[in-house]
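Number of protein chains: 4
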Amino acid sequence: MNKQRVGIVGHRGYSGAELIRILQHHADVEPVLLEHREKTDTGAALRRGHLRTTIPCTGEAVKNEGLTAVFLATPPEVSMELAPAMLQAGARVIDLSGAFRLGTPAKYAAWYKEPHTQPELLTQAVYGLPEFCRKNIAGARLLSNPGCYPTAANLALLPLVQAGVIDRSAGIVCDAKSGVSGAGRKPSLKTSFCEVTGNFSAYSILKHRHVPEVLMISGLEEREFSFTAQLIPIDRGILETIYFRTTASSAEELLAIYEKCYADEPFVRLYNPGHLPDLHGVAHTNFCDIGVTLDASTGRAVVVSAIDNLVKGAAGQAVQNMNLMLGFPEVEGLL
Amino acid sequence: MNKQRVGIVGHRGYSGAELIRILQHHADVEPVLLEHREKTDTGAALRRGHLRTTIPCTGEAVKNEGLTAVFLATPPEVSMELAPAMLQAGARVIDLSGAFRLGTPAKYAAWYKEPHTQPELLTQAVYGLPEFCRKNIAGARLLSNPGCYPTAANLALLPLVQAGVIDRSAGIVCDAKSGVSGAGRKPSLKTSFCEVTGNFSAYSILKHRHVPEVLMISGLEEREFSFTAQLIPIDRGILETIYFRTTASSAEELLAIYEKCYADEPFVRLYNPGHLPDLHGVAHTNFCDIGVTLDASTGRAVVVSAIDNLVKGAAGQAVQNMNLMLGFPEVEGLL
Amino acid sequence: MNKQRVGIVGHRGYSGAELIRILQHHADVEPVLLEHREKTDTGAALRRGHLRTTIPCTGEAVKNEGLTAVFLATPPEVSMELAPAMLQAGARVIDLSGAFRLGTPAKYAAWYKEPHTQPELLTQAVYGLPEFCRKNIAGARLLSNPGCYPTAANLALLPLVQAGVIDRSAGIVCDAKSGVSGAGRKPSLKTSFCEVTGNFSAYSILKHRHVPEVLMISGLEEREFSFTAQLIPIDRGILETIYFRTTASSAEELLAIYEKCYADEPFVRLYNPGHLPDLHGVAHTNFCDIGVTLDASTGRAVVVSAIDNLVKGAAGQAVQNMNLMLGFPEVEGLL
Amino acid sequence: MNKQRVGIVGHRGYSGAELIRILQHHADVEPVLLEHREKTDTGAALRRGHLRTTIPCTGEAVKNEGLTAVFLATPPEVSMELAPAMLQAGARVIDLSGAFRLGTPAKYAAWYKEPHTQPELLTQAVYGLPEFCRKNIAGARLLSNPGCYPTAANLALLPLVQAGVIDRSAGIVCDAKSGVSGAGRKPSLKTSFCEVTGNFSAYSILKHRHVPEVLMISGLEEREFSFTAQLIPIDRGILETIYFRTTASSAEELLAIYEKCYADEPFVRLYNPGHLPDLHGVAHTNFCDIGVTLDASTGRAVVVSAIDNLVKGAAGQAVQNMNLMLGFPEVEGLL
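Chains as they are written, first to last, in this note's numbering: chain F, 14 to 348; chain X, 14 to 348; chain L, 14 to 348; chain S, 14 to 348.
Same shape as in the complex, but just chain F (with noise of 0.2 angstroms):
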């Protein structure tokens, strides 16, 4: 069978690398590497095998090469230049970043800092977060790849917002914590080895730009969710704790919302009560895992929400959008 040849901007980063691990063991595509700056690398350092050759990152590459999609795991700025040559080559994208995420470009403003320099493809770009959004992702041209904290977010609160168990009233608390890769690759000090180990910080406290994902998916009001952002001295995963107030009378109820939501779900693992995800469960994986506390005398909830950033979180995700608008197994490659 021939594989349909895709391409991957930004390979150099933690995203990309991941895409290229992942995509190596796909049965049905072959990865080709476009090269966006300047090529850098000044000599191999492996001897034999292994060499990347790389083509320009232009749409007409993209139309010589043959490419069906092009990945682009680059900076939110970087999508906005180089989607609309993609696409008018012919490829469909899947942009890892934020820059077509947030709906109208007054909101990618606010949050992001920045004027959207594309606002019509804003409108046109799908959100693929597959179990929510699942019947819209096959037609995508333009596929907006979710938020790392917003993926582990929203698969938790989606099925309890939607079921009304939760007391909004209350407030929800997303207290998130996330390895090190999630800030990128390229150097600073706040990543820098001697400021992380042996350290925990908070670094964004409810004005994190990927709270309005969660806000646009989950329904929830800004007033409603207060997220903070801190970094683990790990370098991948996710783990979010989530507390509310619900009506729900055990832990039981709870997740038998979820066992109704995710039971045809490949990506999604619940916990039994009394057991809780951690990172190690989902590192290298693309798979969400939930768990469920719940104290009956008070209806307090908590919930544990883990994925790896590097995967559910982004590359692995986006190879499952990739399955789903190119007709492909939903899990090829992520199992």
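Hints listed in this document are in silico derivations from the structure and should not be mistaken for laboratory results. Certain hints may be false.
Taking CB as the label site, the calculated pair distances span [claimed, not checked]: (1) Arg236/L - Ser201/X: 41 to 47 angstroms; (2) Gly287/L - Pro128/S: 37 to 43 angstroms; (3) Ile68/F - Pro97/L: 57 to 63 angstroms; (4) Pro286/S - Leu339/L: 47 to 53 angstroms; (5) His297/F - Lys273/S: 52 to 58 angstroms.
Model, not experiment: these values are computed from the prediction. We treat Cβ as the ideally placed atom computed from N, Cα and C, and that holds for glycine.
Take the given structure of chain F and dock chains X, L and S to it, following the hints.
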């Protein structure tokens, strides 16, 4: 000047080792090591110096050595076993365990899942959070050193609860993260390197035995205070992210309350708005660092409180209490 | 095609878990878990799927289940206890311990400090370093999988020893560093998180029990090979820095020897001069990466050899050996 | 008693921060911060206390402030730029860089790959390894503080070289490992958290610029001393594993040589046979810990030498030198 001799039981554990480190440089006391169980070390690693002699852990030895005070850096059941003889031998006792914190045998039994064997001592014990109990500490014969989590929580919450600026009906969430030394030095799978490194997990949700200590000191009700204890892959440090709704209208207003309360406190530091504490800032110190974020439009506040669990959360605060009990400068050995 | 069933004893350990991970995606086999001791897990954490059933660890069970091969990821004394029954039941045995590596009971007793209980099996065992013993492996009934340190050392040294370019009279120094998983999963103070993190220590100098394996395969004498085992605060990976004097006049000359020797080897990779392997390059892979530095004016050479101790140093190489024994493609499940 | 004022340039770096930490508790001096470049901090994080004022980094400021000594915790090119004005202003200079270590401009140019801009100062500089250069240090006006690797290497090698018990013809191997702070605080990909954590790599083999410092002090020839610098995923500490052949017949014999040499040294500690130093033992201290293993039958010896690279390998040793230069007790501020 003659240094007073003070004993340390449990000097092989992490809190005990920290006590040695601090007391070795203390101007007014000289540490003596008490051996609870059979001595297990078979030989000294270091060729010169630093050879430690230990004395038996008995009331008689305490009397013979003329120990003014004894630190019990031991599990609660051992502290209950040892405290009576130490007190009878005339030493003042500073207990770092949870044995004497909870006021009544019933509370102890409910949260520590075992009966209290020294109920009469329980009534004599003085809870040693200097910032709020200083006047009782000087006269204490049996001092109960606060737990690590409650220290960080109460220092963050008490001024605001007392000022009445927290909307208690909406509940307070305290999402706490601790380094691994908080679990003690006894080997276990849960604290094995390969299980902890690269991982992050919640190990106690809503029902941690430090919860009643927060309630007892802060005056909050259990239903108002949701607490989660989580494990960070670092050796030391506790950071608590505390969420609540407030009637205050700015971070400055909350900080002013803290400032008034802690104006003369040597070990509480406040961060300016826009800045937040992290664990590097408090590592190896007796400080509790506090920072505040507030969303004025919705009344949601987030307070971050950080300590070193082995210092302000254990050995350092124990020495601070000893300084108050024995009439030394409160900060001696701790700056 | 019918998958063959192969058993895993010791599946709760780190090497055993890695065997499960690899074999679950293997095209030709299906893993079956054998329970050596009483089952201790009391309940499944995950609500759906991934429930593992285990069979008793007996020859009868091996026969009933029709197991073609059994992996023993167990300590040497357990491997000696279990191997006879497994072989008698008709399964081929791949032992990951040191039980059957050293050729004679006397050598085993000298280095493992206990008598060998299966001396007759020792003579049948085939040492499974595929790059040098491939022709013997296919017919092996009892395969002794190499130790992690010797795998990295022998792959780096053997080609050069055979080519006669090492000045053996000056001695070879092999300074080896390993991640903590090499010590197994049993909790101990030495592998506790707080003892290991932020630390680095040498734990075995000159007398490590992996030394005779290097001597046996490489033909070096003990006095020619100085070996130190050290603990890195990471979970997995071995890097060996190997020093010797050489008659070769350039790094290229040494690399040419490696290239000739490993031209057709799927799991040995060479680095170009000026580049050196690190542990990230081999993590979660079955590769052994080798790089060379040479100071031509003094004839001093340094070779760096890196593997993942759980993959090429244990489970991966064991599967590579199984592939050779059962006639599957050598790389199946390992790329 | 009046404290003398001493300046610190480079106080934002890791060695500079360590200087502040030590000097803040020093009985005889008071630290003053000198600002080399434009001040970049825009506001104080801490609300009360610890506000640092800095003075310009000029000779005039040094004179006005009456600084007795200035520490240069700066890169070599900055040290060469600043030292002349500091000296002219009457301050004694303690340089932590490699600028003034190598004796001749030619050697500097060969190993630091840039011309020396202050050749006349080079001849005045005194190399400050107190254990071997104490008598020259008191009178030094320009003190060159030793490199971190050479400190650990020379303290381990010099007594044995002087005693003539090393077979130099067989060569000495020094396999050195360092925490990441040794690379400084400037962000770079090589010291980014995600690149370092879980990794281990050799970054300089045979040609590290600290090699000539070892040769200069120990009297060894380059061909006799093979040195590799490697990166451990921890923040601080250097451990060197040193291999050689010896005419000594036991570890005790080597230890006796060390004991005689270091009998009165406050900062060198020896380990008994069967015990070896590790990095936890020296972290945050000014000690150099040394342990010995010897295989009597083959004459092979392995010495392990450990220091904290920021203390005995930088700031601590610099203060030790200042103490000697200014006539304070040698250990002041360092125990």
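Structure-based check of each hint:
The hinted range of 41 to 47 angstroms is satisfied by Arg236/L and Ser201/X, whose Cβ atoms lie roughly 42 angstroms apart. A beta carbon spacing of about 25 angstroms between Gly287/L and Pro128/S contradicts the range 37 to 43 angstroms that was offered as a hint. In this structure the hint that Ile68/F and Pro97/L lie 57 to 63 angstroms apart at CB holds, the actual value being about 59 angstroms. Roughly 50 angstroms separates the CB atoms of Pro286/S and Leu339/L, a value that falls within the hinted 47 to 53 angstroms.
A hinted range of 52 to 58 angstroms holds for the C-beta pair His297/F and Lys273/S, which are about 55 angstroms apart.
Going through the hint list in order, the structure does not satisfy hint 2, though it satisfies all others.
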